[in-house]
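Undergrad: Model the placement of chains B, C and D on the given structure of chain A, informed by the hints.
Residue numbers (the numbering used here), protein chains in the order written: chain A, 1 to 416; chain B, 1 to 141; chain C, 1 to 424; chain D, 1 to 561.
Hints are computed from structural coordinates only; laboratory data are not their basis. Don't take each hint at face value.
Short, incomplete list of chain A residues facing chain B, as computed with Cβ under 7 Å [what the hints assert, rightly or not]:
1. Ile17
2. Thr266
3. Met335
4. Tyr372
5. Glu399
Straight-line alpha carbon distances no greater than 30 Å define the calculated DSS-like cross-link-like pairs of lysine-lysine that follow [unchecked claim]:
6. Lys279/C / Lys122/B
7. Lys256/C / Lys362/D
8. Lys202/D / Lys389/C
9. Lys338/C / Lys362/D
10. Lys109/D / Lys29/B
11. Lys284/C / Lys362/D
12. Lys390/C / Lys202/D
13. Lys301/C / Lys391/A
14. Lys29/B / Lys24/D
15. Lys391/A / Lys277/C
16. Lys390/C / Lys86/C
17. Lys24/D / Lys33/B
18. Lys301/C / Lys392/D
19. Lys360/D / Lys338/C
20. Lys109/D / Lys317/A
21. Lys309/C / Lys425/D
22. Lys117/A / Lys487/D
23. Lys36/D / Lys317/A
24. Lys391/A / Lys279/C
25. Lys360/D / Lys256/C
26. Lys487/D / Lys96/C
27. Lys180/C / Lys50/D
28. Lys391/A / Lys487/D
29. Lys129/B / Lys265/A
30. Lys17/D / Lys29/B
31. Lys317/A / Lys129/B
32. Lys487/D / Lys279/C
33. Lys24/D / Lys317/A
34. Lys163/D / Lys389/C
35. Lys4/B / Lys24/D
36. Lys391/A / Lys309/C
37. Lys182/D / Lys292/D
38. Lys391/A / Lys122/B
39. Lys17/D / Lys4/B
40. Lys29/B / Lys240/C
Beta carbons are placed, not taken as given, at the ideal position from N, Cα and C, and that holds for glycine.
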Amino acid sequence: MNSTQKDDKSEGKAGKILPAEDGITSTIITFLKKSLEEKQLEAVMMPSKIPNTEAWTWLLLQDESLLASCNPLPPVMTVQGGKALSNVTKHGDLHEKVAAVMRPCEVQAAVELLKLKQIDLDNIYLISVDCPGAMPLQDYMADPEKTTKAFEEAFSTWGENESVRPVCQICHQFSLPLPQQSAPSDNSPPKNEGKFPAADLHIGLIGGDGTNVFLIPATAKGKELLDKLDLSAEDSMANWESKVEEIRERKFNKRKAADAEWQAKTEGVDNLAAVFDDCINCHNCKSACPVCYCQQCYFDSQLLQFSPESYLGRAEKRGALRFPLDTLLFHVGRMSHMALSCVSCGACEDACPMSIPVGQVFTMMGNKTQDYFAYTPGLDRNEPLPLQIFKEDEFGEVETPREGAEAPAEETEKNV
Amino acid sequence: MDQKFEPKIIGFLCNWCSYAGADLAGSSKMEVKPSLSVIRVMCSSRINSNLVLASLLWGADGVLVAGCHPGDCHYEQGNYYARRRFALLKKVTEILNLEPDRLQLSWISASEGKRYSEVVNKFTEDIAKAGPNPIAQNPKL
Amino acid sequence: MEESNVLVVGAGVSGMKASLMLAEAGVHVDLIEKDSLIGGQTIKFEEVYPNMECATCMVSPIQQDVLQNGNIDVHLLSEIEHVAGKAGQFKIKIHKKARYVSLVNCIGCGACYEPCPVSVDNTFEEGLCQQKAIAVACAGALPNVPAIDPEHCLRLNGKDKTCKACQEACMFDAIDYTEKDETLDIEAGSILVATGFDLFDVNKLPQYGYGKFPNVYSAMEFERLYAQNGPTQGELTLRKEKDLKAIGIIHCVGRKEMGYCSAVCCMYSAKFAHFLKHKVPEAKIFEFYTDLCIPGKSHQKFYEATREKGVDFIACEDVRVDSQKDNLQILYTDGNGKESTVDADMVILSPAMIPGKDTEQLSKILGIDCDQRGFFNSQNEQLAPVATKKEGIFVIGCAEGPKDIPDSIAQAEASVGITLSQSR
Amino acid sequence: MNGQIGVYVCECGPNIKDRIDIDKVLEDISSLENVKVAKRFPLLCSNDGKKFLEEEIAKEELTHLVVAACSPREHEQTFMTVCKQAGLNPYLFQLINIREQCAWMIPDKEQATAKAIQYIRAGIQRVAFHRPLEPKEIDSIPDVCVIGGGISGLETSLSLAGKDRRVYLVEKTDSLGGMAGKLSKLLPYQGSELSSVEAKIKQAQDNANIEIFTSSEVSDVRGFLGNFDITISSHGESSEARKIQAGAVVVTTGFGLYDPGNDSQYGLGQIDNVITALEFEEMLGKDKLLLKSGKPPKSVALIHCIGRKELGYCSKVCCLYSIKFAHRIKDMSSDMDVTELYMDLCLPHKSDQAYFDEAKEKGIRFIRSGEDVLVKNKGTQIEVEYDRDGQKDSITVDMVVLAPAMVPSEGTTALAEMLNIPLDKTGFFKEIHEILDPISTPIEGVYIAGCAVGPRNIPESIVQSQAASGKILSSLIPGKKIKPEVKVSEIREDFCTGCQTCLSICFYGAISYDPIKDVSVVNEVICRGCGSCVGSCPSGAIRSKHFTYPQLYREVLEALR
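Same shape as in the complex, but just chain A (with noise of 0.2 Å):
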């Protein structure tokens, strides 16, 4: 299928350092302000405070003025960017030229949405900046105070972070996204190797020790963007790399522990029942989720709607027949839909009621089957999704052998 063509910059080695006296936050904003002033941009999309609460939420704003109550990182994620940016895109692109600043979560979902024809990236820039993560929603409505200054603790250390939400502790996508490792044997972090990245533009915090901001133009868009602000630099990015490369080795191998961990935890019918044993079907998890597009779950349909007699029948054989219904069809269900796709941005987690760790689970699964599948979603735009394509000799260890032979799908060279 898609030829994974790259582009000539894969990973911003160099970039433009940007001095930030008065605080990041604001420097970025200049920036964006610059962008739009000299029209280079028509619009931005970002997160924004809404005025006196504390309610957060995406602005696709044109007046520059409205900047002012904008951050790039606000301290929770209410709506995944990417889903926030479907809706805006799903059916055909922006005419004008945007910039759509987000978590690379939020980046890597929106690639991924691109792929499943959700969005449209045509006028958009994708920004994305390092992220220190995102505190559970819970927390922030609790008491957005202390939670906002424990998220600015986090932001300024970008060490260990215990009040981060659990997906985003061991995180290791925090900055420019990297392919996901095939070898999940090996325990280093994977490099780059030279894929499309996700983003055009990424903003590096990290090693700028809040008085540097590192503008890294990753595609051919990116770079083109700077240019025309005459934003074009070879400043060395080498401090934001080592230390990103320093913490995505920590959060990596945090990552490969708590996948174990949870591995574990949901292993087996009955522990994995435990884990959902609180669910009550709301499917808030399903709706916040950005890579869950089907307008239509098959889960809600009535495609699963049955005769009465046949719940009792099923009552019969169990003893008992739990109800809500097929709580786990529901969620292994829904990770055989898209946890390929999982970008761990840990949006059904937030929107859990009942507080079940869906989030962790689903990180887990979905890092395990990409691993087996040697899949990132949304990095590489060209990649394809994996059940679009097949090759005729693979996933042998699938199928029952023929007796006396080998897997059948090595039986002659074919033509495709």
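TA: Just chains B, C and D, lined up with the frame of chain A:
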């Protein structure tokens, strides 16, 4: 577990190869265990996790997906897609240890009546050894 | 003229394909077949090159379609007796042998085989197993209805006029010993001749030791031996018990005698090597050939794949088979004229394709030519390959000369093309 | 539902009767909801049986029919016809296989009976969810667009064109005839290639039902079997594009020749008097064999298989036309020394070997030279080095003729993309099924013939062209409507999210995307009903008629009871 446990196995068979293979097993009067209930579909690629998983979670002791050998698909490529989907679901159940061994994918051609009986009987034995599907026992599911 | 009816002779893959296309066009087809089942030679193959596809899976849907198609009348055990008239209005006499089993009543349960007292070699299975005097040719035969072999049936050959074992076993009074051969009169606008081929009789070439050494097999014997639906259900149980450490496959058996290359032997011999590499991966396999004939875009790839599996291809001349104690020996002369020998436990002979045995007689009945090799002659080998010198009569598939399945099918489709285009 | 289902169990003589307790079966199912009647009958596929069923359907006013008998592969059609005759939609019927897959494979009668009951119950559950399906009928245009005016294209056009069928023949170059038109003599026998090709060209030009477009190309193709919209644009910048409609497209774009390249081991373009087969044909056409010096050669070497190693396939015709060359040379001057250097002789047609034997009798030398032939300058002469079974050897000649392999003609890839049909690894067009259907492509109504599909000789190309005509004449009949498959896929707009996964999966290009509604759409004329798309759709937005989720789930649940 009761002594003579008769596994209930769902078998999704493609119309052109595997279902024909099953017929041949019958017309050659080969003994095949009654454990497997055949559900005929036009192509193995009609099958996806929605069907297999539901069967498993609703209490099937085993699920067999059978189609034409790679390269033989009556619709040219169907079984390749079927294999990928199956591989994903199998992986998911392996990761969760959600009875992965109760899911099986086999290629059975129209001339392989013998293989059909072998596949079904072997699968039945394995399942019989493994015992009933615990999911079917669990009142919480 | 509007094409009313077409006679297709031979229900092999070419004949069936042609019939189905004509039927689709709304033309009525009389499809006659001299055997008791349809499908021709292809259904004897386990798999076909170059993609190793299961032949049964490919062909059985076609057989089903033919039998269920309202526009096609299938006449089994039937052969052309006489043809009169000309294109557009041929008048054909068909001799239809008695089957003694009603296609309508019989439901193919097979209850009649068991009680039959007579066992004879199963010719469909190349005599590798026995069958009763009432039987279907093979498992999965279509139509799934047995026929009585009058030559061996005790009642019909007069050895025991009282025997009615099968009749008693049949619950559907499908068996009628009094059934007589009949003659059908058919009118047809065109006649498509798809009578296929025979294989060179390897008995005629003693140097290959066939018949003398039990583990020398002909290609067709091997096809059935390997077939999942064959007499051994695919087990390589040899005539003389032996575990296979080395196997020799000899190409071009009968080529010199016939004076032409049969086009398909190199490929199916390579296919055999594929089979064997699956069944007995550790066995050594040698292919003895004079010239590799692997034309077309995908065949060489298949050949190379076979080599990569470790199959040994030897270009050589005057190959002979002998035996040393209980081992077979293959002697040959290599390209530089050097004599060499290879030991083997089994030898497979790939014989030339030759004209079906009734070809000459049929050509007389039809009033068309045969070439010096005994195949039907087309009107112009270059520019009109399926037409014959007689308008309205076409020769397709291996009846016209050796070719592989796709070329035969192309000819079948071509003959339909001309028939329909002329009938506008 | 309050349906009236009739269930009929066939005894099939002893086959079912003796192995399954039919009374027990009937007792069990007759109590079931929606079951109006449950009866047994000796042999339902017999004429009596069919008559019986027909009467029952009417008498019992059945809304659905379930027959428990043999495999659907045996008698599904039979009983569907019965339904039709009885005025019941044949898709409101289900055949339960209790013979092959029950009675015949389960020796224990009790078990077999239990299994039969389960299968029949499942069938009853399922049939309640069947929907009546009606065969569609689509108008079609009988006209045909043939792309490529070589011998294949001409043959196709001539066998198709008729009073009620126009043919549009599109040729890229400014003249018809293609490669065959460049050959001097038929092979292997007498008769002039040229004249026969010219004859066909003449016929085509004189045929009022064939419209010929030279120096033109097909620039756009839309639509499907019976209804293609095609744009033909001419090279001349002056003339504007022409839009035509056709029911089918035949691709006969022929082949190109492998270019050994100037600095190759064959010295083409480097060494005088090393020429290609095509150049040699031209000489033969003029009946003059001359060296650059203007003198006639005394010795000629013909080298086979040029490019075979690189391309990985045998071009099938080179051996024979090289032998033809040798014959012609000998016929011109019998004392000329002619050598053929080959890898393996490929003589697959019945007359080929005799022709080869004659050549040997005429004293033509044949050497199995292996792959690595080296052509070198040797004064005014040419030395050809080769490797004979491991021993280096060489000959010296005045002239060398190279027989280059056949390769896909230029523009093949672009055309494949336009028509949305696949190429195989060799770059030629790919048959939908290499064995069973060598003329067809995944796109119904688009056919491929001749050397566009792979190396072939002239008779084979002609056969394929006639075959393509056969395909069209039998499926696109003037005034007759197309009856597509009934059990096709169907996309429910309210479910579909427009992710187009199904598009990427459908092998037959039956699914398209409707940007306005933002949903995928199945073209029922093209769909073959495999259900791949259904399996690929996570939201269950695609329904595969007669194999819907509700229908399959009823079978699953019944099996798990």
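Undergrad: Work down the list of hints and note, for each, if the structure agrees.
TA: Each hint, compared with the structure:
1. Ile17: Given a least distance of 43 Å, the restraint on Ile17/A is violated.
2. Thr266: At 5 Å from the nearest chain B Cβ, Thr266/A passes the 7 Å test, so the hint holds.
3. Met335: holds (5 Å)
4. Tyr372: Holds, about 5 Å.
5. Glu399: Hint holds; Glu399/A Cβ to chain B Cβ min 5 Å, cut 7 Å.
6. Lys279/C / Lys122/B: holds (20 Å)
7. Lys256/C / Lys362/D: Holds - the C-alpha atoms of Lys362/D and Lys256/C are around 19 Å apart, at most 30 Å.
8. Lys202/D / Lys389/C: The given pair, whose Cα atoms are some 23 Å apart, holds under the 30 Å limit.
9. Lys338/C / Lys362/D: Since the Cα atoms of Lys338/C and Lys362/D sit roughly 27 Å apart, the hinted pair holds (cutoff 30 Å).
10. Lys109/D / Lys29/B: holds (14 Å)
11. Lys284/C / Lys362/D: violated (42 Å)
12. Lys390/C / Lys202/D: Satisfied, since the Cα-Cα distance of roughly 25 Å is no more than 30 Å.
13. Lys301/C / Lys391/A: holds (18 Å)
14. Lys29/B / Lys24/D: holds (23 Å)
15. Lys391/A / Lys277/C: Holds - the C-alpha atoms of Lys277/C and Lys391/A are around 23 Å apart, at most 30 Å.
16. Lys390/C / Lys86/C: holds (8 Å)
17. Lys24/D / Lys33/B: With Cα atoms ~21 Å apart, Lys24/D and Lys33/B stay inside 30 Å; holds.
18. Lys301/C / Lys392/D: holds (27 Å)
19. Lys360/D / Lys338/C: Holds. Lys360/D to Lys338/C sits at ~23 Å (cutoff 30 Å).
20. Lys109/D / Lys317/A: Holds, at roughly 26 Å.
21. Lys309/C / Lys425/D: holds (21 Å)
22. Lys117/A / Lys487/D: Cα-Cα ~28 Å, so holds.
23. Lys36/D / Lys317/A: holds (29 Å)
24. Lys391/A / Lys279/C: With Cα atoms ~25 Å apart, Lys391/A and Lys279/C stay inside 30 Å; holds.
25. Lys360/D / Lys256/C: holds (15 Å)
26. Lys487/D / Lys96/C: Cα-Cα ~39 Å, so violated.
27. Lys180/C / Lys50/D: holds (28 Å)
28. Lys391/A / Lys487/D: The hint holds at about 28 Å.
29. Lys129/B / Lys265/A: Satisfied, since the Cα-Cα distance of roughly 26 Å is no more than 30 Å.
30. Lys17/D / Lys29/B: holds (16 Å)
31. Lys317/A / Lys129/B: holds (21 Å)
32. Lys487/D / Lys279/C: Outside the cut-off at roughly 40 Å; violated.
33. Lys24/D / Lys317/A: Holds, at roughly 24 Å.
34. Lys163/D / Lys389/C: This hinted pair holds, its Cα atoms lying about 26 Å apart.
35. Lys4/B / Lys24/D: The given pair, whose Cα atoms are some 23 Å apart, holds under the 30 Å limit.
36. Lys391/A / Lys309/C: Within the cut-off at roughly 21 Å; holds.
37. Lys182/D / Lys292/D: Within the cut-off at roughly 22 Å; holds.
38. Lys391/A / Lys122/B: holds (28 Å)
39. Lys17/D / Lys4/B: OK: Lys17/D and Lys4/B at ~27 Å, within 30 Å.
40. Lys29/B / Lys240/C: Holds. Lys29/B to Lys240/C sits at ~29 Å (cutoff 30 Å).
In this structure, the earlier hints numbered 1, 11, 26, 32 are contradicted, and the remaining ones agree with it.
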